[in-house]
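J.: The chain contents come next:
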Amino acid sequence: MDFSFPPEVEAFRTEVKAFLAENFDESMLDVTHDGTMHVPELHAALAAEGWLAGPVPKELGGGGRTALESIVLNEEMQLARAPIDAMGVTVITAAILMEHGSDHLKETVVPALLNGEALTSFGYTEPESGSDVAAATTKAVKDGDEWVINGAKMWTTMAHIADYVILLTRTDPDVPKHKGLTFFLVPFDSPGIEIQPVPTMATERSNATFYDDVRLSDDWRVGEVNGGWAVMKTALKYERGVAGGQFMSPPVIDAGIDWATNHERADGTRPIDDPAVRERLIRAQIDVEVCRGFAYHCADLANEGAMFGVEGSMTKLFASETFKRHCREIHDMMGAEGLVTLESPEAHRGGLIEEALRHSPVTAIYGGTSEINRNMVAEGFLGLPRAR
Amino acid sequence: MRTRYSEDEVAVRDAFLDFFANECPTSTVRAAAEGSGFDPALWSSLAAMGAPGMALPESLGGAGAALTDLAVVADVAGAHLAPVPLIEHAVTARALTRAGGHDDLVAELAEGSTLATLALRPPTGDTARLVPAGAVADVLLHHCDGVTSISRGNAPSAKLPNTADLPLAHRVISDPTAIDLDADGWNRTVDEWRALTAVAYVGLAKRAIEIGVAYTKERIQFGVLIGTFQALQHGFADAATSVEGAHLLAQRAVWALETNQPGASRLAGMALLFAAESARFAADRSVQYHGGYGFSEEYDIQLYHRHATAWILQLGDPAAEYARLADAEFGPVKGAA
Ligand SMILES: Cc1cc2nc3c(=O)[nH]c(=O)nc-3n(C[C@H](O)[C@H](O)[C@H](O)COP(=O)(O)OP(=O)(O)OC[C@H]3O[C@@H](n4cnc5c(N)ncnc54)[C@H](O)[C@@H]3O)c2cc1C
Numbered sequence: 002m003d004f005s006f007p008p009e010v011e012a013f014r015t016e017v018k019a020f021l022a023e024n025f026d027e028s029m030l031d032v033t034h035d036g037t038m039h040v041p042e043l044h045a046a047l048a049a050e051g052w053l054a055g056p057v058p059k060e061l062g063g064g065g066r067t068a069l070e071s072i073v074l075n076e077e078m079q080l081a082r083a084p085i086d087a088m089g090v091t092v093i094t095a096a097i098l099m100e101h102g103s104d105h106l107k108e109t110v111v112p113a114l115l116n117g118e119a120l121t122s123f124g125y126t127e128p129e130s131g132s133d134v135a136a137a138t139t140k141a142v143k144d145g146d147e148w149v150i151n152g153a154k155m156w157t158t159m160a161h162i163a164d165y166v167i168l169l170t171r172t173d174p175d176v177p178k179h180k181g182l183t184f185f186l187v188p189f190d191s192p193g194i195e196i197q198p199v200p201t202m203a204t205e206r207s208n209a210t211f212y213d214d215v216r217l218s219d220d221w222r223v224g225e226v227n228g229g230w231a232v233m234k235t236a237l238k239y240e241r242g243v244a245g246g247q248f249m250s251p252p253v254i255d256a257g258i259d260w261a262t263n264h265e266r267a268d269g270t271r272p273i274d275d276p277a278v279r280e281r282l283i284r285a286q287i288d289v290e291v292c293r294g295f296a297y298h299c300a301d302l303a304n305e306g307a308m309f310g311v312e313g314s315m316t317k318l319f320a321s322e323t324f325k326r327h328c329r330e331i332h333d334m335m336g337a338e339g340l341v342t343l344e345s346p347e348a349h350r351g352g353l354i355e356e357a358l359r360h361s362p363v364t365a366i367y368g369g370t371s372e373i374n375r376n377m378v379a380e381g382f383l384g385l386p387r388a389r
Numbered sequence: 007m008r009t010r011y012s013e014d015e016v017a018v019r020d021a022f023l024d025f026f027a028n029e030c031p032t033s034t035v036r037a038a039a040e041g042s043g044f045d046p047a048l049w050s051s052l053a054a055m056g057a058p059g060m061a062l063p064e065s066l067g068g069a070g071a072a073l074t075d076l077a078v079v080a081d082v083a084g085a086h087l088a089p090v091p092l093i094e095h096a097v098t099a100r101a102l103t104r105a106g107g108h109d110d111l112v113a114e115l116a117e118g119s120t121l122a123t124l125a126l127r128p129p130t131g132d133t134a135r136l137v138p139a140g141a142v143a144d145v146l147l148h149h150c151d152g153v154t155s156i157s158r159g160n161a162p163s164a165k166l167p168n169t170a171d172l173p174l175a176h177r178v179i180s181d182p183t184a185i186d187l188d189a190d191g192w193n194r195t196v197d198e199w200r201a202l203t204a205v206a207y208v209g210l211a212k213r214a215i216e217i218g219v220a221y222t223k224e225r226i227q228f229g230v231l232i233g234t235f236q237a238l239q240h241g242f243a244d245a246a247t248s249v250e251g252a253h254l255l256a257q258r259a260v261w262a263l264e265t266n267q268p269g270a271s272r273l274a275g276m277a278l279l280f281a282a283e284s285a286r287f288a289a290d291r292s293v294q295y296h297g298g299y300g301f302s303e304e305y306d307i308q309l310y311h312r313h314a315t316a317w318i319l320q321l322g323d324p325a326a327e328y329a330r331l332a333d334a335e336f337g338p339v340k341g342a343a
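Chains as they are written, first to last, in the working numbering: chain A, 2 to 389; chain B, 7 to 343.
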């Protein structure tokens with residue numbers, strides 16, 4: 002066992018810290034309050050460093066960063082509260098296009114993604130299919146040289162600011178569901194697309210997107226016809242290195258410690274001197290160290306080229322379920338003061354804790370629900386028989 | 007970065023897996039429980055394998071291996087609930103090595119011919135209460151008000167019947183000899199105990215889940231294997247996830263101690279609390295998913311439940327451990343004495 006980082010990765014961490022100090026501060030998060038988890042200046046700065054497609058191999062045009070370097074970038078960004086969503090979508094889409102895209106896509110779209118000019122979004126989920134993602138029914142039908150797409154997607158996050166959506170469609174309804182899927186990269190300026198906002202219980206917004214006789218040339222197809230599931234696997238492979246969520250709790254815990262130390266209750270005592278509060282905060286700190294162990298473990302496996310799944314499921318399950326608990330406990334500790342939202346100048350630390358509390362439920366839903374991840378651990382790790 | 011056992015560590019693990027599978031089936035644990043809670047024959051075989059002296063210097067008869075290697079053995083010993091005080095013995099011998107001037111004794115400890123332990127809580131008056139391995143150890147290390155001492159003269163006293171039939175006994179301290187180990191040196195010793203016990207807890211917890219999973223793949227109710235019920239699957243999945251997290255944290259704590267990382271003591275404290283909680287949860291789920299049989303003495307899973315409860319309590323109430331970590335992290339409670 003050896004939990005140390007090689008010197009070049011430590012050096013990269015120092016570089017990332019300096020980069021964030023220069024290019025990001027919490028005031029930039031105001032732009033996320035219209036619901037879009039995206040800071041354009043930060044995105045451009047990441048692109049300028051060549052970090053947007055860090056984990057994608059150099060041969061494919063990426064940054065050739067190791068998984069250890071990727072997790073370090075991810076960790077430092079999350080600790081600084083810098084949104085990682087747009088970076089995550091960019092890395093995964095670029096990787097998909099480099100591995101499975103046509104020359105046209107590789108030559109035109111990939112460079113625009115990597116230099117930060119273009120943004121994409123994910124179009125997997127539909128109104129009637131979420132966890133059962135392979136049950137997608139959005140239809141793509143060949144008409145001469147063109148494809149005609151009809152259907153609806155739900156939760157196309159960032160669609161309203163993105164240039165493209167990577168769309169999961171059904172090209173063969175008469176075969177088992179995993180075998181009749183095909184991916185397309187769809188430009189949002191194509192005729193026949195409608196984007197409607199989906200407000201949420203938190204500050205973030207998502208979208209419903211509709212596709213009505215959208216016509217595309219074959220250049221926009223990604224991967225083989227009916228080979229959509231293989232493309233999905235590439236997406237999952239890259240999600241490991243970059244998709245985040247392992248370090249959501251630390252900023253909330255820090256804000257909670259700040260509150261507990263600098264506020265007095267009505268009886269004149271400080272929360273930080275209450276043994277119950279102290280134990281909860283220490284438990285939260287322990288969970289953070291467990292998440293760190295999971296994150297480094299996944300990066301170590303990816304670095305060794307190991308394909309893995311259950312470790313990712315465990316990480317996502319543990320990080321999101323504990324994050325929800327941390328938000329709840331720290332928010333409770335603030336009592337009525339915790340209810341004040343970010344719109345008020347009186348909100349503690351810009352309403353960070355309250356905002357995190359309302360955001361936290363979705364972390365156990367999107368990107369694979371906790372129940373789906375428990376199924377994966379039960380079947381893939383413990384070898385229990387399939388339940389469904 | 008290597009978050010998995012290295013080839014060498016795997017070799018050590020496999021050797022000790024074979025060893026414990028042969029020498030320490032649960033019938034051995036049950037037999038020891040009837041007596042002192044210690045199995046002298048198992049201890050001598052373990053000594054023949056070199057385990058007691060593994061992480062002691064070669065110059066003193068040890069194998070000169072790292073704490074991370076000893077952790078591999080602690081993991082497997084924990085999985086088998088081995089009725090031998092390997093962790094207490096090893097951390098005590100390492101403390102004496104750091105103090106210096108006890109070469110002959112350390113050599114006996116490396117060999118395993120003399121058995122050592124430590125009073126994890128300070129003695130009250132001249133008595134250390136409920137000392138781990140107090141019913142069997144020849145040498146007792148203890149610490150009070152910044153002074154660390156050893157006592158050799160007094161014989162082990164009788165085991166007090168206890169939750170997991172551990173060899174717990176009170177020890178009267180009659181002939182303390184101060185050794186050159188200050189408060190930091192003592193804390194380091196207890197931190198090694200915390201980190202290695204965390205690793206042992208992970209071994210226990212993994213085995214508890216294995217036993218439970220195996221049972222649910224055999225037991226049929228409502229015409230189907232109970233292992234197909236998603237309620238059971240999700241309970242096991244939560245337990246397995248927690249235990250995997252505990253494993254990574256406990257191993258990181260041991261590595262941090264071995265390599266003297268700045269946060270090592272904090273990680274050791276955290277690892278013990280988290281591993282104990284994970285193991286108790288895993289054992290609880292496994293007993294629950296055995297139904298009534300899990301509660302019967304005949305089934306092994308109840309042993310895992312009882313050991314999971316007991317180990318950390320040898321150090322004290324977990325709440326006090328959280329409070330200790332909180333004091334280090336947030337400073338002492340304002341207004342507290
Ligand atoms: C804010 C937000 C942003 C999102 N962004 C995107 C995006 O950008 N692109 C995209 O494609 N998708 C996105 N999603 C969709 C997200 O991935 C899905 O919501 C998620 O996969 C769950 O699908 P569902 O909502 O249809 O719930 P369902 O699949 O209907 O699940 C309902 C409940 O049933 C449980 N359940 C389902 N199947 C099983 C099973 N086999 N065993 C046990 N329990 C089960 C689930 O765990 C859940 O509790 C986003 C969602 C949200 C809320």
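FYI, nobody ran anything at the bench for these hints, they're computed from the structure. Take these hints with a grain of salt, some might be off.
Stated by the list, open to error - Going by beta-carbon spacing under 7 Å, a handful of chain A positions derived as facing chain B:
no.: 1; residue: Asp3
no.: 2; residue: Gly65
no.: 3; residue: Ile85
no.: 4; residue: Gly294
no.: 5; residue: Phe382
Remember, predicted model here, so these are calculated numbers, not experimental data. We treat Cβ as the ideally placed atom computed from N, Cα and C, and that holds for glycine.
J.: Give a verdict on every hint.
T.: Results for each hint:
A hinted interface residue such as Asp3 of chain A counts as satisfied when its beta carbon comes closer than 7 Å to some beta carbon of chain B; here the least separation is about 4 Å, so the hint holds. Interface restraint check for Gly65 of chain A: the shortest CB-CB distance to chain B comes to about 18 Å, outside 7 Å, so the restraint is violated. Violation of the interface hint for Ile85 of chain A is found here, the shortest Cβ-Cβ separation to chain B being roughly 21 Å, above the 7 Å cut-off. Taking 7 Å as the C-beta contact cut-off toward chain B, the hint placing Gly294 of chain A at the interface holds, the least distance being around 3 Å.
The interface hint given for Phe382 of chain A is met, as the beta carbon of that residue sits about 6 Å from the closest beta carbon of chain B, less than 7 Å.
The structure fails to meet hints 2, 3 from the earlier list, while all remaining hints are met.
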